[in-house]
Structure formats: structure tokens, C-alpha cells
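A.B. asks: Given next are the chains, with one letter for each unit.
Protein chains: 2
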Amino acid sequence: MSEPQTQELGITESKEHSTGEWYAEVVRKARLADYAPMGGFIVARPRGYALWEGIQEYLDARFEDTGVGNVYFPMFIPESYLERESEIVEGFDPEVAWVTHGGYDELEERLAVRPTSESIITPFMSQWVRSHRDFPLLLNQWCSVVRWEATDTKPFFRTKEFLWQEGHTAHRDRESAWAETMRRLDQYEDLYTDVLAMPTLRGRKPAHDKFPGADTTATLEALMPDGKSLQGATSHYLGTTFAEAFELTYVDADERERTAHTASWGLSWRALGGLIMTHADDQGLVLPPTLAPEQVVVVPIWQDDSRGAVMGYAEEVATDLDAANIRTAFDDRDERNPGFKFNEWELLGTPLRIEIGPNEVEKDEATLVHRPDGESVVEGREGLAATVAEHLDTVYAKLYAAAERNLEEGVREAGSREELLGTIGRHGGYVKSPWCGEEACETAVKDEIAAEIVMVPLEGEDGPADETGPGDECVICGEPAATTAYFAKSY
Amino acid sequence: MSEPQTQELGITESKEHSTGEWYAEVVRKARLADYAPMGGFIVARPRGYALWEGIQEYLDARFEDTGVGNVYFPMFIPESYLERESEIVEGFDPEVAWVTHGGYDELEERLAVRPTSESIITPFMSQWVRSHRDFPLLLNQWCSVVRWEATDTKPFFRTKEFLWQEGHTAHRDRESAWAETMRRLDQYEDLYTDVLAMPTLRGRKPAHDKFPGADTTATLEALMPDGKSLQGATSHYLGTTFAEAFELTYVDADERERTAHTASWGLSWRALGGLIMTHADDQGLVLPPTLAPEQVVVVPIWQDDSRGAVMGYAEEVATDLDAANIRTAFDDRDERNPGFKFNEWELLGTPLRIEIGPNEVEKDEATLVHRPDGESVVEGREGLAATVAEHLDTVYAKLYAAAERNLEEGVREAGSREELLGTIGRHGGYVKSPWCGEEACETAVKDEIAAEIVMVPLEGEDGPADETGPGDECVICGEPAATTAYFAKSY
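As given, the protein sequences belong to chains R and G, one line each in that order.
Counting along the first sequence from 1, when you hit position 350 you're at 350 in my numbering, and nothing is skipped either side.
Numbers in my numbering are just positions in the second sequence, counted from 1, shifted up by 491.
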């Protein structure tokens, strides 16, 4: 392990009082990422990229279990392909990075660095699908995309180039494409619940904020501790928009030619931004055991006369844990004192610290310290690996519970414009209110407090299609409400 | 599984007589890749991408075992960064794709789509390394790079965008950087030997054909069945070239500032091109069991009266193999006859076919057919999973042996210019000859028969540093020989 300099170790900013600066400091000091020389780009370092690999591993297994094949399409899309679907070109044109020269020659046609790949994948689907028996066609790729946004860079949250996976699927009819859209949303929700220790809300984007060309954009929203909402993943039912633009048709069982329905779904490294923002604290990063490169660090604490016994005992503990497939670091550095080591591993987010001193050796014990809250528990040496595994589950549960509390407290209702503005202004979080469906009413809120409608209830799921009852009026304009809207500031 | 149309199944070209067309046909009909709309680009389909994932999985495990951390650096490199190392800019400038516009705005500085990442990674290494204790710094990324070459596209072998991994490492001194360069060459060699069933030769590129800025470019060369050499992977000892250009220095144990030594090493999806070219035949793809998505296909062969018994028995066989972690397909399609199925799985390269008919059911047996040579062996039902595993090893050994025979027969010597030209012209393969070291003598051969020096012996390895004895004369110009050169046509 390379050693950071002492003065670099401490987090100096406050999560509560200067969230943005604190976040940037955690990302850099925990060695997750650095800023690249070009504005808007970052470098993901080994400790940051390993978290992304953890997400990849989980999702890839789920995708494979449900029939998805991984592919790789070119990173460039000819301008004429982008232009074939008008909503895509309108939606992404302002954000496209253009390649104009290859070597010393100007290209005959500009190439877009992919902002998303529907426009290059759908035409190939149309070659590969001929009959209804070829469905479903389930493709996914892990790659980077570029969107030339002008807003400030925030590592993982907002970068001009970002890593993501994009799934693209073709189906026989609306029902199966819709089921696919929901299946992927479910898998993303499982990732958040079971791997990232983050509860989320399910919904869909209002019509004016859908993915370009989509019929429905389903979304998972996660509430950050600072009261802003993070769009955690989206899954789009695209209807026949792209299939029509790229002639994705098939011969049905009755020998008639029909147009396919498509879906696309993606999750980016913004999920890592959410993970860091949700769990980290003023001591540094806090990682759930599911993703932590080291789940446990064993720190020996000795005086000159106890060194041999402590080191031997501590090393045995580390070896036992390793053998039980618990990812364990044994910090046996002589040149650092325990306090320094505690700080460093706290900064790096290691979920559980095991302290071994003369006392532990004598009593055949180990002291376990939970990273999230510092709770310290003395446990017996026998069966320690199993005990540690339980503590890791407890640490995960603590992280999830804290995030869940934040979410539960963060959903409020408002019956008037003033209440809506005041509630978001005071508390942040989500405010649920009846809404007429017009973008103008969202704009009114946006202009005043920079909050927007991050989601409305998802139709077609269990429970009522909408939470708004008859007779409700839009919280802004007073016209009859069409749905319930979740207003929030967002990342 | 989606079904290709019948007429698409057969390979019509001959590997021996029209190698290029045959190769393109295998790639497309085995559904590995398709041509993208932009010349020079391809789409890797699930069956092709899965092979790349197999390579990734193997190498990633080896890299991780030897301390490498995966990272992700931006796909763009500012022009000014490329220009800081003059050999890099000269070497790659003619092949760089340039991004000039972000959205509607022209960029102040052009961005190169990375052709290789030394120029963006080394400056960060210089930030991360401070003292000799920070070595070795071992980074790797899996990504795509773009080189705007004008030559014809050959899927996997030669594409303007290609997938690869690029390792970048920094070291205290020459010795450790050189050891790293060799360690990675060893790992690539193991990949070829143990996963791709391809023997290779180790060597280094002649001075005029090194990686831009490198001190030494070590290479693995694989001989294709058509007599051409494939550069299978390269590992570069970069000396202090990049460290000097990007100020990668460190404080040594004696408190003095010194310049680091760096290495880089890469393997691209050309390895898949070599795999296909080496093993496939006029029936289609042939995959080693190490990489095949399905290692075994079980095909039931029944008449109306035997259907139930055969299907039941065959399904049990498939279930048994699955349970033994053998990747098994059970082809129970009713609408296809066995002959069609045989052809299709042969086209897809499945290493082992198991035929189950009434005879096998009656005698409690299974008929195993090896893909490479069609050898058919009847085996008992009991312990079949273990037997099948042995047959898979045999199939691998057959593939390797055939490639090894080709390589052994393909290395010849020549003592005169005429013999050199004639031997390559007649047989292809490698011709070893004494060489003076001057590029002009290679050019003379290149101009005449389009062969080049693909490698010279690697220095610093076991055995003699060079094979050329004192008194040998350059096969072209007759001046004193400096080394032995391996001449060959190459991909």
C-alpha cells in the first residue's frame, strides 16, 4: 500500500455545513478519483474503480441470469444516424462531442462520440430480428459515454464522460417491452437495496422530462443527506419510436409484418456518487461491506514487551478471516502508530476495524469497531470469522437504516404553493403535491427555489395508478390535478 | 437461442484458398461480429464479446494476483499533452481522431481520442509518486482506443477502434521496470498457451519498429495457418522517456531526487482474430473449451417411437454435465433435424458434441464427437461428466498440437537474400537470418515480397542474448551481422 502523507489524512470540510467541498475532499483523499486536466473529466483511481467493478459484477450476474448478452458497439455514431430519430437529435445535439478529423484528414461526415447508443444499436437489431421467434433480443454494453454539459463537475455525479451500462432490448409487443422495463428497474432497486445500502423511491419522469423518444421513463430516486434527490437509474419503455426510425420490424406468427417495441435502461457511476454522499462522514469515506475492497482491517496495538505476542495473535486472526473469504487487511506497519492507522482506515471507509492489544491476547478476545458509528464490541476469539461476518451484516444494516430514516423523514406533503416552497426551502427532501401536468407549473417552482418534479407515481404497478384523488387541485395553478408530483431539488 | 436462416449456415469460402473471405464469413456467420456503418469499425455481438470477456477474466485475475489496480482514465487527451513526448506525437499523430467541437462550440484545444494513454496516465503517476516507497505503481485499464489507419478492415485483426487493456507501471529503477516488462510478457504467453491454445514466439521489435518512445518493445508472435505472423501482445520497457517528459520523479532512500522508469503493456482483441484464424475451419468456428460459451452440446436423435426415451435420457445427461460445471447446451428443438443441428453447432465452434440416440439409451452410453477432427468415441454413461472433462482436455490438446506443428514447421533459416525471398514466397512462416541492424535491409525485403522483420531475439532472457555468431554476415547487405532477424509477412 502506498502511504499518503500525514497532512493529507484528515477531512477538513464539514458534511453538514459545506457538503460540496466535503464531498470533493472525501473523493480525493480516499483516493477514489482525481480531476483530469480537461474540465469536466475525472480519473477513477484503483480504489474508486474497484467500487464500480463491484457494481458491474452484481449487475452482470443479474443480467446474465435473465438472458442478456453483452456486446460492444462503436463509440462513434455517424451524424446521419443520430438525425434519424428527431427527438434524440434534439435532446442530445447540444451535448455531443464531435469528431471531425481522422489523422490529417477532415472526415466526410462528422461522428458523434456516443451520448447514448439507441441510434447505432437499433439499426443492427433490425438486421438481427426477422421473426417473432427472435424475441426477446436482450443486449447490454459497459462503456463510457460523453455528454458535453456546461455545468460544474462533481466527480461521479456529473462528468462530461462517464462510465455506465446501457441495456437495449427488442420485443414483440408492448406488454413484453413494458415487463422488461420493469424487470430492469427491479434489478437496479435490488442493487441499491442489497449492495449500496440505499433505499430508493420508484416513479416515472413527467412527460416533459422523459428520455428523448421514450414513451415512459421509469426512475429510481435516492434522497441524499443534504435533502437533494439523486436519479439513481432509469429504465425506458421506448414504444415503437426507435423501431420505426430504424425499421425494426418482424414477421409475426400470422405472417404479417409488425413493428417491434424496444426498451433501454442504464445505470452510471453516479451510483457511486450517491454511495459516497449517503454514507461518508466527517472522518472520510464509509463503505458497505458488500463493496469495500477491505471489509476488515486488523490493527495490532503493542508496546515493546508485547510486540511478538500481539503481532502473532493478530496475524492469526487476519489469516483466519482471509480463509473464511472475508476481505481482510493486516496493518502490520512498524513506522505508523495505531492512531494514525485508525484515521487512515476510517478515511478509506473500511467497515470494520479489529483491534488486538495485549489485553485481547491475554483474554483470547478481539475488539471490533464499527466504522459508521464507532460502536466497539469485545468478542471471543473462538469462531471469530463467523462473528465478524455477523458484524459486517450489522454494519450494513446500520448504513441502510440511517439512509432509510433520512428517506422516511424526507417525504412530506404540501397543499399550497407557499407550503411547497417553504417545506423544500426549510427541509429539502421530497414534497408530494397534486399537479395538473403542465410544465409551466414546475417552471414556476424551479424559478423560485431551483426544485423540480423528480418523479410522478409509476403507472401499471401494484397499487393505485395514481395517488391523487378526484377533486384534488394542482398545488400551483389550482386547475384539476392529473397526478401527484414529487418536487425536490436534485443532483 | 435465435435461429439463423438455413441458407446462412454453410461456410462457402475455403480457408486454404481464400483465407480473407473465409475469415470474414466465419466471423459473421458464427455471429461474432458485424461491420459497422463507418468503415473500419465493427460491432462485437454477444458470442464474440463473450470470448473477449473470457480473456478479460483470465488476465484480470493474473493482474490482480500480481498487484495491479484497475483504473479508468479519460478517453480524450489534450493535444498539448500528446505533444509533450515528441516520439509519441510523431508516432500517433497521423492516426489520431480529433474532437474539435463540444455541442455547438468549437473547443479551445483539440482533444485526441486516445490512441494509447501514456500521455495522460504518466502525469498522474507523477502526482501519486513521491518517494521510493510508492513503487511499484501498477495500473491497468480495459478500454477502447482509436487509431485512424487507412488499411482495410479485418474484424478483430484490424479495426479503427479496438478493445484492449493497457497496463502502465512506474518503478524505482531499470531492473524492476524490466522485470515488470517481462512478467507481463510471461502472463500474455500463459494466456496464449493455456487459454487460446496457441503457441507463440518471444522476441523484441527491431529498433525502428519499437513503440514510440520505448527503450525496448517485447513481443509475442503467433504464426497463422496462412503463414503470416500475428503480433499477439507487446510489453514495452519505456526507460525514462515518459518519466522525463511528464516529470515523474521521486525521492530515493538517500534523499536524492531521481527519475522513475516506466513500462506499458497491452493486449487487444486482435488476440480473438488470431484465435479464429488459427483454429476455425471450412465448417466454421472452432473454439477451445476454455473460452467456448457452450463447451458441449447434447443432441438427441430420435424417431417417433423413441422420442420420449431419448429426450429423457439426453436431458439427464445435460443436467449431469451442467451440475459438474461443464457449460452445456441441450438442443431439444423439435423443428430442426439432427443434421441441421450438427451443422449449426459446428459453425458456432462448440468443442464437443454428444449424440444420444436409441442405441445410446439402450446400451447406457453416449457418443462424443470432437469438433476439431470429427473423431467419434462411444463412452459409458456412468461417470460421464468426468469422461467429458477429459475429452475437453483432449480437444484442447488437439488444437494446441496442430498450432504447434504449424509453428514448428514454420521457422526456417536462410543464408542468402535469394533463399530468404524464395522461402517466404513458397512457404510463408518465419525465416531466421543474420541481419546488420539497418532498416534499409528490411526495406529491401519489404519492397520485394511485403515481408518484414517481426522480431529479433530478446536480450536479457535466459540463454544467449543473440543467436548470431561472430563472423556472420547480414543476409541482405553482407555487412557484419548485429543480430538474428525473424522475417515474415505479418497481419
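Some hints could be false.
Calculated lysine to any residue pairs in the SDA-like style (CA-CA distance at most 25 Å, straight line) [stated by the list, open to error]: (1) R:LYS29 x G:LYS645; (2) R:LYS29 x G:SER622; (3) G:LYS645 x R:ALA401; (4) R:LYS29 x G:LYS520; (5) G:LYS520 x R:GLU108; (6) R:LYS341 x G:PRO614.
Here are the simulated distance ranges between beta carbons [to be verified]: (7) G:SER509 x R:ARG133: 55 to 61 Å; (8) R:THR259 x G:ASP795: 53 to 59 Å; (9) G:ALA892 x R:ARG256: 21 to 27 Å.
Heads up, incomplete: computed chain G residues facing chain R, CB under 8 Å, no partners named [what the hints assert, rightly or not]: (10) GLY501; (11) ASP525; (12) TYR526; (13) TYR540; (14) GLY558; (15) TYR563; (16) PRO565; (17) LEU602; (18) VAL604; (19) TRP639; (20) TRP793; (21) GLY830; (22) ILE940.
Simulated from the structure, these hints should not be mistaken for laboratory data.
Nothing here was measured: the structure is a model prediction, and the numbers come from that model.
Ideal Cβ positions, reconstructed from N, Cα and C, are used throughout, including at glycine.
A.B. asks: Take the hints in turn and mark each one as holding or not.
C.D. replies: Comparing the hints with the structure gives:
no. : hint                            : verdict
1   : R:LYS29 x G:LYS645              : violated, 45 Å
2   : R:LYS29 x G:SER622              : holds, 18 Å
3   : G:LYS645 x R:ALA401             : violated, 54 Å
4   : R:LYS29 x G:LYS520              : violated, 51 Å
5   : G:LYS520 x R:GLU108             : violated, 31 Å
6   : R:LYS341 x G:PRO614             : violated, 29 Å
7   : G:SER509 x R:ARG133: 55 to 61 Å : violated, 33 Å
8   : R:THR259 x G:ASP795: 53 to 59 Å : violated, 40 Å
9   : G:ALA892 x R:ARG256: 21 to 27 Å : violated, 54 Å
10  : GLY501                          : violated, 18 Å
11  : ASP525                          : holds, 6 Å
12  : TYR526                          : violated, 10 Å
13  : TYR540                          : holds, 5 Å
14  : GLY558                          : violated, 10 Å
15  : TYR563                          : holds, 4 Å
16  : PRO565                          : holds, 4 Å
17  : LEU602                          : holds, 7 Å
18  : VAL604                          : holds, 7 Å
19  : TRP639                          : holds, 4 Å
20  : TRP793                          : violated, 22 Å
21  : GLY830                          : violated, 20 Å
22  : ILE940                          : violated, 28 Å
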